[in-house]
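Q: Here the protein sequences line up with chains A and B, keeping their order.
Read in order, the letters of the first sequence are residues 0 to 194 in numbering that gives the first Met the number 0.
Read in order, the letters of the second sequence are residues 0 to 193 in numbering that gives the first Met the number 0.
Cross-link-like lysine-lysine pairs, in silico, BS3-like; alpha carbons within 30 Å at most: (1) A:Lys129 with B:Lys50; (2) A:Lys129 with A:Lys193; (3) A:Lys193 with B:Lys50.
Derived CB-CB ranges, DEER-like: (4) A:Ser31 with B:Thr153: 46 to 52 Å; (5) B:Gly75 with A:Thr136: 49 to 55 Å; (6) A:Thr179 with B:Gly90: 49 to 55 Å; (7) A:Thr23 with B:Ser168: 21 to 27 Å; (8) B:Thr27 with A:Ile92: 38 to 44 Å; (9) B:Thr43 with A:Thr36: 22 to 28 Å; (10) A:Ser71 with B:Thr43: 36 to 42 Å; (11) A:Thr78 with B:Gly101: 32 to 38 Å; (12) B:Gln97 with A:Ser27: 40 to 46 Å.
In case anyone wonders, no lab produced these hints; they're calculated from the structure.
Because the structure is a prediction, the values reported are computed rather than measured.
Where a beta carbon is used, it is the ideal one built from N, C-alpha and C, also for glycine.
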Amino acid sequence: MSTYNAIRYNVDYANVGSLKLISTQTASGSASISFTTGLDSTYDEYWFILNNIHPSANNGGLGINFSTDGGSNWNVTKTTTSFVAEHSENNTIAQLRYDTNYDLAQSTADQEICQNIYTGNDESVSGIVKLYNPSSTTYVKHFISNTQSYFASARSWHNLVAGYCNTTSAINGVIFRFDTGNIDDGIIQLFGVKQ
Amino acid sequence: MSTYNAIKYDFTPPAGTFGDMVLISEQTASASASISFTSGIDSTYRTYYFKFINMHPASLSRLIFQTSTNGGSSYGVIMTSTTFGAYHNEGNTEAVLQYLAGGDNAQTTAFQELTPIIATTNDACCSGELWLFNPSSTTYVKHFMSNINTENQTYSFQYFSAGYFNTTSAVNAVQFKMSSGNIDAGIIQMYGIA
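Looking at chain A on its own, in the form it has when it is part of the complex:
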């Protein structure tokens, strides 16, 4: 006959769910949103889901950077690619292009994951950034960003960015901030992905 303990340990928790919410942060006139806890060896993959990130100043480009010292410094060396599909509401611009203005080559600068968001009340960027195995002390750290924004009041802007943090130190902090002004509104959630 099954005992209570046998029942308890026979539950297969590992297959119940694959996405675990670790942290939710809501911007309100915030200079940045940073995650300095929860990024460790618990998960091999982390997702940041961005919903309606809205700038306080026109021409805001939302950037991401990383830390290996728990957020004391945001300056990890990165090499990246950036390309965009854009289409204007008046149908005069419709193209796919690599954007050399926003890739990085061994730079510690913030990586922009979208550009030129304006402050119109209904304008924002949403999307997802995936960060792989940040706690590795063997490999560089890959990330992939896929964002969709309302560009400069009148254009659909689909920005795909990817690259690697060129370090074998563990990444334990991630920051999001605009290149000008504050994050006026929006929510960024950090999830761990069970493999």
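Put chain B on the given structure of chain A with help from the hints.
A: Relative to chain A, chain B alone:
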């Protein structure tokens, strides 16, 4: 002594072991004119994720979608969008990445193309995903992004669509259909993410 029912209702899952991506609804096509999700899209979840599994058309056609702000009474929210794709044929004579101007929308209420033409041969279909962000917002336009791969008559065709429904009304229903004919088979799952 604890009874079985007492144990059942006293069960508390350990923290961190249950997922925060919840299957809300699954619909299976069987010669269906369309698949619509008219419930479950609300402020319960901030992000919605649709998964397409082996969508097979009855005739040569594209998978397309639109949204509704009136619970599905009509589907035609103004949208601006982009489309691009990469394709490669089985004969290895074409391998292209390009913007697909025929599939985008500029302030129109048309349905958004999510795929190229899907073949009707028995093994042809498309599979992929679509993200819809914060549809219940009454402040922001509603962003979406999709990434779907299709067997396009001896081509592998990866099709990316993204854009925004240019409304500050809440979006509360989504409809998928083929550009002509029925959805012969396939499954669409809708998930909510906390």
